[in-house]
Amino acid sequence: MIKKGFIVLTLCALLLALAGCGKSTSSSATGAAGEKSVIDAGAGENATELSYWTFVELHGKFFEDMLAKWNEKNPDRQIKLNVTVMPYDDMHNKLSIALQTGTGAPDIADIEIGKFPDFLKGTPQLESLNDVIEPYKDTIVPSQLDLYSKDGQVYGATTHVGASVAFYNTEILDEAGVDYKTIETWDDFKKAGMQVYEKTGKYMGTADTSANWQTSMMLAQQKSDYTDASGKPQINSPEMLKGLTVLKDLQDNNVIATIAGGQPDTEEAYGEFNSGNYATAFMPLWEMSRYTNYMPDLKGKIAIGPIPVIEKGMPRSYGGGGTGTVVTKTAKDVQLAKEFVAYAKLSEEGNIAIWDTLGFDPVNMAVWDMEDVTHNPDNEFVQYFENNPFDVLNEIKDEIQLIKSTEASPTINNVLNTVTLNEIFEDGKDIKQALDDAQAQVEQDLQ
Amino acid sequence: MIKRFLYSQKVAPYVFVLPFVLVFLVFWIYPLGSSVTMSFQKITLGQDAQWVGLDNYTKLLGDKIFLKAVMNSAVYMLCTLLILIPLPMLLAVLINNKFMWGREFFKSSLFFPALTSVVVAGTVFRLMFGEMDSSLINSFLGWFGIEPVKFLKGQVTGFIALLALATWRWLGVNMLYFLSGLKSIPDDFYEAASIDGASAWQKFRMITMPLLKPTTIYVLTISIYAGLAMFIESLMLWNGNNSPKNIGLTIVGYLYRQGIEKSNLGYAAAVGIVLLVLAMTINMIQLAFSGLFKKED
Amino acid sequence: MKKEAALNMKESSTIRVRKELPLKILLLVLFVLLCGLILIPFYAIALASFKPGEELIRYGLNLKFDLSVMSLSNYTYLFTGEHAYFTWFFNSLLLTVVQVALTLIVSATVAYGFSAYEFKGKNFLFICVLLIMMVPFEILLLPLYTLIFNLHLMNTYSAIVLPGIASAATIFFFRQYLSGIPKEIIAAGRVDGASEYGIYLRLILPIMKPSFAAMAILNGMNSWNNFLWPFMVLSDERKYTLPIGLKTLLTPYGNNYDLLIVGSFFSIIPIFILFVAFQKYFIDGMTAGAVKG
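Protein sequences, first through last, are from chains P, W and R. The C-terminal residue of the first sequence carries number 510 in the numbering used here, and the numbering is unbroken. The C-terminal residue of the second sequence carries number 283 in the numbering used here, and the numbering is unbroken. The C-terminal residue of the third sequence carries number 295 in the numbering used here, and the numbering is unbroken.
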């Protein structure tokens, strides 16, 4: 009995200690995942508290910076921001449910472009941003607004262009005697890759199975898309076949190989890259922030270049990924939320901050030419990479293609990223067959 | 008046069982009914539901991914039955053996994994079965000169990981079930058999197995349900509901995907009804075969 | 002892000792190996809790004991860092305690109704209890979800507690237990002038105490590890339970593995302490359903 009493006492003590801890964790900084943090950013007593959901921790950091500026400028309309970070799938699912049921939705939320069409179905439970975007409209690439629009109403404030580039690990390339600057076409890339594999035993790049950045890149080069002009899926188009055949050939020659996690933007892949097992990643520019945050060992070893093309003269980039920040219909103070979102993401200050804190290529292209911003020696991204990303961006500026976001996009992405790409690169299934199957599956799902 | 109420033996039982009746009606019968209704509708949230008759069901029949999910759940269930019944039974007999040292310790150790949450256990197994050559299972295989395996990307290897997780969590629990069944077998039976000169195997075949039948049926029944309704194990092992080529997709996973991820509530409800019918049928057949109904006549 | 004697009737005691020892050792080796295998994941996660999360992502979970990368920094972060771990921990604890207490009281009451009285519809209702045990809860997820929404219970703990408050398995167990209690107690209570409810509260409940431990543990385990349903109804991070919270750490966009692993490991510790202290009840609780087949 004494023993039992002792255990109960210890447990009680433990509980009390925990209860204490629980209360002491309410202070905040940037909103690490798993933390509900209130960013007050100098807001006074009368500030309106708004809630914000995101799936990227860093976006919270960005909003913190912008909030401080907003609160300073608008002393009578101050805001406190409640940031919640959730995993990608969970956040979108929860948001979708909350919006459909009309309860539990935050005031402001990030929606990834791949999921955005799902939120535009029927009557969108989001606020139109048209009026607050108006002042900034002329500075933004129009196609960036179209991505988050329906029937002439813009529902999401875009974050970046997401120009795709190649990230080369020059340490590995040097070891193999390869100069990335000479790589222009996939043939060049293949030769270089075979040399790398022979000399170092390492792979030149990845064959992505859980994301379709590479597929989009191949389609963009051929000025094609997943859907035709009327929005109908065309997964088994000749351009798809061509693009995947090129990639498959690279894989067959040990130039590229599948990677743990299935694509460069996963935690497993960060580890693989950081360990120097793969030399190249073809990713939208925002992958920069993944390097600085999760691949510290590669500092000073990564150079940015344009993506190789099938034939010289083809466009060398496309805008990949993206996040639309939305204001929900159930928001506490719709107008305030809208104005803040537009200011934070679309104003010139906002665009500069998007580059400074997030390392994204801002949608206000005027910023791309601001030498003092883009080449600021104090910027962590400028310091991390061998060359300046904007030198590359400005070179390919006019070649950046757009992959449309349509109602069929979420389904297409899902089929490609769970089934088709795995079949092609992991199982060696015939590409034409895999694409035909994918087309059939997508058509069935969309019924 | 109050006093009469307090002392009435007629009213009292209904008061006692009232909470159950309420919960049963509100949280079981009503949802079950609305699940059936929903399965005949097309539901777009924020709009009125539309009657579509059997459309959801006919669509399900031609839905390759759904059939894949049913296959996965069925295979998973069968495999868990094949592993998690004979093995724990054998272990229970062994551990119950008089030659066993440290019985209590081993009992507890084998049971302990059942205490961990699937979220934690699934994540640990995901990392253990990682495809890097330095992750646990692959480094173990490496000692035998076997090349690293991409466990979670292949159908068979994925299932190995899934079953390893299930076995790890449930081996000890099922063993305890069988142990408690063994306790109810009187020693006299074994004594009598020994006098007749029965071997250990004969004793196991003729006494232990038949007398463990009620326990076996119990374990079988719960395993069938647990197997068919498995979801979170797969969700955690693949860190999401979208496993490559859907190798880890289960019926409930598909219900979740359609209902929660894609908001096709009607279609998802049909998936749920199919699961219910499937589970009920299998268990009825199973119970009929094991003669449970006969016994009650 | 009887069994032992019987089994070895034919053998002389000297032969027995010689034959027994290898068998004993064989069994022991077998179970030691098995336990070793079963405990590997615990060892791996314990080890990983001392390594930086980055190490884990790069090399996977393994058994490498490498002091140069190991430190207590994850633990320092767990106890002093700015995160919501202990909020979740506390929520889980609170929810478990409340859920177990309510479920036990309600289920025991219902079970008493079933065991102490004869009434119209009793058999039908009891079949309903058995039926509940037979329906996979998962198929009710969506309608239950819309119901909880219509009742305005989204994002509340009531939504988690209420549907399970009259737990079929628990009612079943209590009924079995109560059938062993002599009816004379009830009769005696009536003679003494106690009301029907007084009898239950003052006479029966105290007798039921021992059976509460096993059921408390069974329900407690389920509640502590419950994931899917709470995950669907809770959206406010301040209300998350431990499993949900830990799952939110599984995102590539944040250095969360430091907290994830140490947090996962730490979440096992309270159950471990409880388990060691109340082992017997754990095992009773788990096997309670199986005994009667």
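It is worth saying that the hints were derived from the structure and are not from the lab. Errors might be hidden in some of the hints.
[Stated by the list, open to error] Counterexamples of contact, computed for chain P against chain R with all Cβ distances above 12 angstroms:
#1 S114
#2 V148
#3 D152
#4 N156
#5 D181
#6 Y199
#7 K213
#8 S293
#9 E335
#10 M358
#11 K392
#12 E434
#13 Q496
[What the hints assert, rightly or not] Below, computed lysine-lysine pairings styled on DSS-like, alpha-carbon distance capped at 25 angstroms:
#14 W:K199 - W:K169
#15 W:K189 - W:K199
#16 W:K84 - P:K495
#17 W:K199 - P:K213
#18 W:K84 - R:K122
#19 W:K189 - P:K213
#20 P:K305 - P:K286
Glycine residues also receive a C-beta, built at the ideal position from the N, C-alpha and C atoms.
The hints, checked one at a time:
| no. | hint | result |
| --- | --- | --- |
| 1 | S114 | 9 angstroms, violated |
| 2 | V148 | 7 angstroms, violated |
| 3 | D152 | 9 angstroms, violated |
| 4 | N156 | 9 angstroms, violated |
| 5 | D181 | 18 angstroms, holds |
| 6 | Y199 | 27 angstroms, holds |
| 7 | K213 | 25 angstroms, holds |
| 8 | S293 | 33 angstroms, holds |
| 9 | E335 | 8 angstroms, violated |
| 10 | M358 | 10 angstroms, violated |
| 11 | K392 | 16 angstroms, holds |
| 12 | E434 | 30 angstroms, holds |
| 13 | Q496 | 32 angstroms, holds |
| 14 | W:K199 - W:K169 | 13 angstroms, holds |
| 15 | W:K189 - W:K199 | 15 angstroms, holds |
| 16 | W:K84 - P:K495 | 64 angstroms, violated |
| 17 | W:K199 - P:K213 | 63 angstroms, violated |
| 18 | W:K84 - R:K122 | 50 angstroms, violated |
| 19 | W:K189 - P:K213 | 75 angstroms, violated |
| 20 | P:K305 - P:K286 | 12 angstroms, holds |
Figure legend: structure checked against the earlier numbered hints; hints not met, in rising order: 1, 2, 3, 4, 9, 10, 16, 17, 18 and 19.
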